[in-house]
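Residue numbers (our numbering), protein chains in the order written: chain A, 1 to 574; chain B, 1 to 245.
No lab work stands behind these hints: they were computed from the structure.
No experiment lies behind these values; they were computed from the predicted model shown.
Hints are supplied without guarantee of correctness; some may be wrong.
Calculated cross-link-like contacts (lysine-lysine; reagent style DSSO-like; alpha-carbon spacing at most 30 Å) [said to hold, decoys possible]:
1) A:331 <-> B:75
2) A:4 <-> A:436
3) A:320 <-> B:203
4) B:75 <-> A:314
5) B:119 <-> B:75
Between beta-carbon pairs, the in silico distance windows are [as the list claims (entries may be wrong)]:
6) B:93 <-> A:270: 18 to 28 Å
7) B:14 <-> A:424: 50 to 60 Å
8) A:245 <-> B:20: 26 to 36 Å
9) B:96 <-> A:426: 51 to 61 Å
Don't be surprised by glycine CBs; every beta carbon is placed ideally from N, CA and C.
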Amino acid sequence: MTSKYETHEHDVLIIGAGGAGLRAAIEALAQGARVGVVCKSLLGKAHTVMAEGGLAAAMANVDRADDWRTHFRDTMRGGKFLNNWRMAQLHAQEAPDRVRELEQWGALFDRTETGDIMQRAFGGHTFKRLCHVGDRTGLEMIRTLQDRGVELGFDVFMECTVTRLLRDGDRVAGAFGYWRESGRFVNFKAKSIVIATGGIGKSWRVTSNSWECTGDGMALAYEAGAELLDMEFVQFHPTGMVWPPGVQGILVTEAVRGEGGVLRNNKGERFMEKYDPKRMELSTRDVVARSIYTEVKEGRGSPHGGAFLDISHKPPEVVKQKLPSMYHQFKDLADVDITKGPMEVGPTCHYVMGGIRVEAETGQSSLPGLFSAGEAAAGLHGANRLGGNSLSDLLVFGRRAGYAAAEHAKKTPMPTLDTAQIEEAEREVLAPFERKEGENPYSIHHDLQELMQNLVGIFRVDEDLRKALSELEKLKERAKRMRVEGSRLFNPGWHLSRDLHNMLIVSEAAAHAALARTESRGAHSRLDYPKTEDEWGKKNNVIVQKNGAMTLFEVPVRETPEELKKVLAEDGGK
Amino acid sequence: MADITATMRVFRGDGKNGTAVDYPVPVAPGMVVLDAIHSIQAHQAPDLAVRWNCKAAKCGSCSAEVNGRPRLMCKTRMDSLPLDQPITVYPIKSFPLIKDLVTDVSWNYQVNKKIPAFKPRPGVEWKMYQRDVDRPQEFRKCIECFLCQNVCHVLRDHDKHEEFGGPRFFVRVASLEMHPLDGVSRIKLLREQLGIGLCNITKCCTEVCPEEIHITDNAIIPLKERVVDEYYDPITMLFRKIRGS
């Protein structure tokens, strides 16, 4: 039936090979499953590699008073209590074991004087909690997981893009995709699928995200009938590079502030005193990003429209040892020596707290057999993520999703693939080649990024969001008529046409949910509704496809049990 | 540098045919070669094939030969190049070409599989001190851009892909062998399968490393010494003869 296509069969198929995907793969392998991993890039190049500052886990190596309760409380407070409490609890409880596991697989973290894993301070964390390797923690993590996965023996399908999830009745049955190199089609048949495709940042013009972060997994799940949650919560990291133009948006790690860096405006004032005098530069990301934005808007910005971030009061050798890649990044790309003078920084689209709606313990989505973990999934971070909680999220919930996917596979017969769905997927992917004329995907992508940057940015307002939704309709129409030139052999224009399809879906979801939430909370700031409303604190927005249209409904936030409410009310630590 | 236009002379083609094509690209302040390639994709040649991810020298995807020098395109500033002449951008040479600037680097992943992973010595205590991890941490900075593999004579000129692992994998083996708690020996592998003896220490790999890893001095030479100690030390040789191994 499907002999015309290259087809691979696994118990568990993992889409995405960043931290969450690799950790899920390792766990599914450990449970005895046959595991395939599909990724858009070469193995080891996923966006996790760019994570810099560290991995949050209450190991109490540096601050002895730290424990999971404090980490849980920090996470819930940072997320403005919109988090799934159970995820926040599991995350805080299990993160230390996941870090130790990495060490046992060969990761080499920076050390304390007593020979333990070093931990540093970060925004919103009560204690020094981030395990790190200088400012290249993500590289250490991905290499460790990659080596472990290769050792255990997973099948990796590199530079392969999945364009559609295939269904067998009401459950997932596999995935259809193409090899980026040859443009040939390929099918994957699997009992369970884990989506670990990361974020959506490439829909904004100023972003720290790589080309891969186009919301693929969320769009695949949405189109297959799964639910998305909290899509209005998009994190703008306070410190991205602002100059020169080509590097605008590239991340400047929060570790600069964690190691003692201070923010100043063009009058030399440490402006965080006005916005959060208690936590200053180590306030949460939503607060620091809005503060920088406000300083610039009110005329107190740096020459290129940012704020000054200065670590040059520290000894040069300390800066170079703790922040080596920042030192090189500014020296090579911006002609700035950060041991001698300040950096110019401004907000950059960095992370989406929203994503596929999943069960806390298993990562199971609303679609049987479909699981998700990492940035592609929602729930842990609520309205705002704390720095360092992403890498720990990948490990804790990557492992859980991998385990649950393997268990599900044990109880499930191999599904069958439906030729009609495959043929439709094939037609859709090839359509841009068939058109004799039409627009180039790059220009549509450019306009999408401008639109999201200008209308669905840090500060939002009803009128802008409505305009964004109507403009998105026009972009969708233009995308239906786009044309791709050249052959199917490694053709980036064609690849972008697929990514664009996904970006349009997740952008619409973000704008839709942002319009619905008439309050300000965490990363979602409405100029027309500046207050945080108790009523909105009780509900999450869910987005699902109904009769071909994007539909939004509210669900109640899962109520925190009494004993954990007590933990939240405590004022432990500093 | 207002209103400067650079000529980018970019290789276009596949494994069978190909030629360099000139593209005029307006130069913006602080622009890097990868920006110029992206500009060509957006405005002139949407099917121009290139690999890239982070654009911040952290992922090692965008390796190419710029004006004949192996570089990361994301780290190569346009204003560091002579803009009055065409800037040539070619794919890295040591691996088979797929298309334009994209090469088939899968051989590296095959070599990597031969290397036994980290395995702690039995009963170790999980304590390590910074002074003991400094050296292997240097090796773990590697971003797998494969520029070292590209310039290594053994691979580039002599094509010994069958019997030689290349600098990248000596760096990986060094990170494991010098891990303070590792309990596996990879010396036999270095000699017999990764062919470390073929390296004649010309340091070309060290020169091109964007992470400034001292590949030759800190990884390859100490590993060569370990191989010599294991195989050519007279006392060890005698001991082995007696034991008959």
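We went through each hint and held it up to the structure:
no.	hint	result
1	A:331 <-> B:75	holds, 11 Å
2	A:4 <-> A:436	holds, 27 Å
3	A:320 <-> B:203	holds, 25 Å
4	B:75 <-> A:314	holds, 26 Å
5	B:119 <-> B:75	violated, 36 Å
6	B:93 <-> A:270: 18 to 28 Å	violated, 52 Å
7	B:14 <-> A:424: 50 to 60 Å	violated, 30 Å
8	A:245 <-> B:20: 26 to 36 Å	holds, 27 Å
9	B:96 <-> A:426: 51 to 61 Å	violated, 28 Å
Hint compliance for this structure: hints 5, 6, 7, 9 are not met, and every other hint is.
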